[in-house]
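Given the coordinates of chain A, work out where chain B should sit on it, guided by the hints.
In case you want the letters, here they are:
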Amino acid sequence: MMLDRHEAHENRNQKVRDTRDAAVTADRPVADREVPLPEVAAADTMTDVLNMWLDGEASEADAREADAKAVQFWARVAKDTNTMRQVKAPTHLTANIMAALPGKAPLAD
Amino acid sequence: MTESEIPPNDVDNDQDVISRVLAGDRDAFALLIGRYSDPLYRHALGMTGSPDVAEDILQTSFIKAYHHLGEVRGRFDAWLFRIVANGCKDWLKNIRRTHLSYDEDDQPSGYASPDEDLDRTELRQDLDAALAQLAPSLREAFIMKHVEGRSYEEMADLLGTTVGALKMRVHRAREALQALLEEKYA
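For the record, the sequence lines run as chains A and B.
So for the first sequence, this note's numbering puts the first residue at 114; every next one is plus one.
So for the second sequence, this note's numbering puts the first residue at 1002; every next one is plus one.
Treat the hints with caution; some may be incorrect.
[To be verified] Calculated lysine to any residue pairs in the SDA-like style (CA-CA distance at most 25 Å, straight line):
1) B/Lys1065 to B/Leu1023
2) B/Lys1090 to A/Val162
3) B/Lys1168 to B/Ala1130
4) A/Lys192 to B/His1172
5) B/Lys1168 to A/Ala174
6) A/Lys217 to B/Ser1020
7) B/Lys1090 to B/Tyr1153
8) B/Lys1168 to B/Tyr1153
9) A/Lys182 to B/Thr1122
10) B/Lys1065 to B/His1172
11) B/Lys1065 to B/Thr1122
12) B/Lys1094 to B/Gly1071
13) B/Lys1090 to A/Val200
14) B/Lys1185 to B/Tyr1153
15) B/Lys1065 to A/Val162
16) A/Lys201 to B/Asp1158
17) B/Lys1090 to B/Ser1138
18) A/Lys182 to B/Lys1094
19) B/Lys1168 to A/Ala171
20) A/Lys182 to B/Leu1093
21) B/Lys1168 to B/Lys1065
22) B/Lys1090 to A/Val190
23) A/Lys182 to A/Asp193
24) B/Lys1185 to A/Pro219
25) B/Lys1065 to B/Leu1124
26) B/Lys1094 to B/Tyr1186
Worth flagging that the hints you see were computed from the coordinates, not collected in a lab.
The shape of chain A in the complex, shown without the other chains (with noise of 0.2 Å):
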């Protein structure tokens, strides 16, 4: 008879589980993980109203209302972000891509 090995590990090897659980979570970004860390999470995480804001469903004045060195310096990366909006790829780029492909006709499928 087979047993259901998920199901047999799954309350004997907590402690194996818990320790690979932790060992994974440290290879990650600290963005990447699910829960903020504690540390980030008093002092730095962003009020509701800031993104509605900066998601165009707040008004400025009331996001700045809730956090005004926020809104400036969200102000400052949008003029960042707008400058990059404006760069286009180089000019020989169409040239090399046409150079490197072959010959004939790709397959119809």
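Coordinates of chain B only, in the frame set by chain A:
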């Protein structure tokens, strides 16, 4: 590649261009490159922080797209975006696995528009470095929202996930970036 950048008739015409290429008009593929290279380059540049790597990823992606053009089903722009996005994620995985230092080995060497080198501010460098510390999925969501200016709906469409999940990723990316940079810039 935001919807506002491409006239609707161009999107409709993708399939016509693909048909021409498949019928042997190889040069027509240049139309697709010209149409989508700028937004895809911005995505790759945002994800990798390196103009050279972004260019390589785009070149590889377009060549791959050419070889598999007959397999396109549905929207070509979304299909192509996924090829580029996966290329960026693969590069990020490899650079982490080989423990190469992002700062030392892939420092952005220059930007395509003439003013970009001059405008490369300290904040930009710090933002690049902070973005490099985020998980690829958070970085991708932040770049798509804040650099590419896409709506959550468009992002969900391209990435095949929900608006709620993407909002969560963007919010977590903002939290992490603010925690990393606010002290210096606020």
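Task: Proposed proximity, A/Val200 with B/Lys1090 (alpha carbon, max 25 Å) - done: Given pair B/Lys1090, A/Val200 holds - Cα atoms ~21 Å apart, limit 25 Å.
Open item on the list: Tell me if the straight-line CA distance from B/Lys1090 to B/Ser1138 falls inside 25 Å.
Closed with: 9 Å, holds
Task: Pair hint outcome, B/Lys1090 versus A/Val190 [Cα-Cα no greater than 25 Å] - done: Given that 25 Å is the threshold and the Cα spacing comes to 24 Å, the pair holds.
TODO: With a cut-off of 25 Å on the C-alpha distance, tell me whether B/Lys1168 and B/Lys1065 pass.
DONE: 31 Å, violated
Open item on the list: Holds or violated: B/Lys1065 and B/Leu1124, Cα atoms, limit 25 Å.
Closed with: Violated, at roughly 35 Å.
- [ ] For the pair we were handed, B/Lys1065 and B/Leu1023, check the Cα-Cα distance against 25 Å.
- [x] Answer holds: B/Lys1065 to B/Leu1023 is near 14 Å, not above 25 Å.
Open item on the list: Holds or violated: B/Lys1090 and B/Tyr1153, Cα atoms, limit 25 Å.
Closed with: 20 Å, holds
Open item on the list: Tell me if the straight-line CA distance from A/Lys217 to B/Ser1020 falls inside 25 Å.
Closed with: 14 Å, holds
- [ ] Please work out if A/Lys182 and B/Lys1094 have their alpha carbons no farther apart than 25 Å.
- [x] Distance of about 35 Å is beyond 25 Å: violated.
Task: Agreement of A/Lys192 and B/His1172 with the hint, judged by alpha carbon distance not exceeding 25 Å - done: 19 Å, holds
Open item on the list: Can you confirm whether the C-alpha distance between B/Lys1168 and B/Tyr1153 stays at or below 25 Å?
Closed with: Judged against 25 Å, a Cα distance of about 7 Å means the pair holds.
- [ ] Would you mind confirming whether the straight-line C-alpha gap from A/Lys182 to A/Asp193 stays at or under 25 Å?
- [x] OK: A/Lys182 and A/Asp193 at ~17 Å, within 25 Å.
Against the hints set out earlier in the document, violations occur for numbers 2, 10, 11, 12, 14, 15, 18, 20, 21, 24, 25, 26.
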